[in-house]
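A.B. asks: Note that the sequence shown covers residues 1 to 104 in the working numbering.
Since the hints were made in silico from the structure, they are not lab data.
Note that the structure is predicted; figures quoted are calculated from it, not measured.
Hints may be right or wrong, so weigh each one.
[Said to hold, decoys possible] No farther apart than 16 Å at their CA atoms in a straight line, the calculated lysine to aspartate or glutamate pairs in the EDC-like style are these:
| id | residue 1 | residue 2 |
| --- | --- | --- |
| 1 | K7 | E93 |
| 2 | K79 | D12 |
| 3 | K77 | E61 |
| 4 | K77 | D12 |
| 5 | K79 | E61 |
| 6 | K6 | E93 |
| 7 | K6 | E89 |
| 8 | K79 | E14 |
| 9 | K84 | E14 |
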Amino acid sequence: MAKYRKKPVVIDAERFFPDKKPWPLGVFESGKYCTTRKNGSWCALHKLNHLIPIFRVMTLEGSLVVTSGDWIITGVKGKFYPCKPDIFEMTYEPVPPVHYVDRI
Numbered sequence: 001m002a003k004y005r006k007k008p009v010v011i012d013a014e015r016f017f018p019d020k021k022p023w024p025l026g027v028f029e030s031g032k033y034c035t036t037r038k039n040g041s042w043c044a045l046h047k048l049n050h051l052i053p054i055f056r057v058m059t060l061e062g063s064l065v066v067t068s069g070d071w072i073i074t075g076v077k078g079k080f081y082p083c084k085p086d087i088f089e090m091t092y093e094p095v096p097p098v099h100y101v102d103r104i
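Could you build all of it, start to finish, from the sequences and the hints given here?
C.D. replies: Structure below.
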């Protein structure tokens, strides 16, 4: 079987915590309408009788449940998807900020 290496792509990611608002783009509570500020997509899910709110993010595969501490990644085509903290740590590393210098 051939081996492949993931291309080095810089992504945007934000950690999700239900008690810290505003939530990352794309995250919504089940049973409520949602909009994403980036591409204007929307969704509505049936209201479920849960004692604990369930949070979701719309992905290309449908809505996925996100839990506290998950990373919400904005992919290269602007779509959102969740990533568990341990997988995120194994896959990604911080990108140092770029400092621009004006030259005259």
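A.B. asks: Each hint: holds or not?
C.D. replies: Evaluation of the provided hints:
1. K7 to E93: Given that 16 Å is the threshold and the Cα spacing comes to 14 Å, the pair holds.
2. K79 to D12: Within the cut-off at roughly 11 Å; holds.
3. K77 to E61: holds, 14 Å
4. K77 to D12: Cα-Cα ~11 Å, so holds.
5. K79 to E61: Roughly 11 Å between the alpha carbons, so the hint for K79 and E61 holds.
6. K6 to E93: Distance of about 13 Å is within 16 Å: holds.
7. K6 to E89: holds, 15 Å
8. K79 to E14: holds, 14 Å
9. K84 to E14: Holds, at about 12 Å.
Checked against the numbered hints given earlier, this structure breaks none of them.
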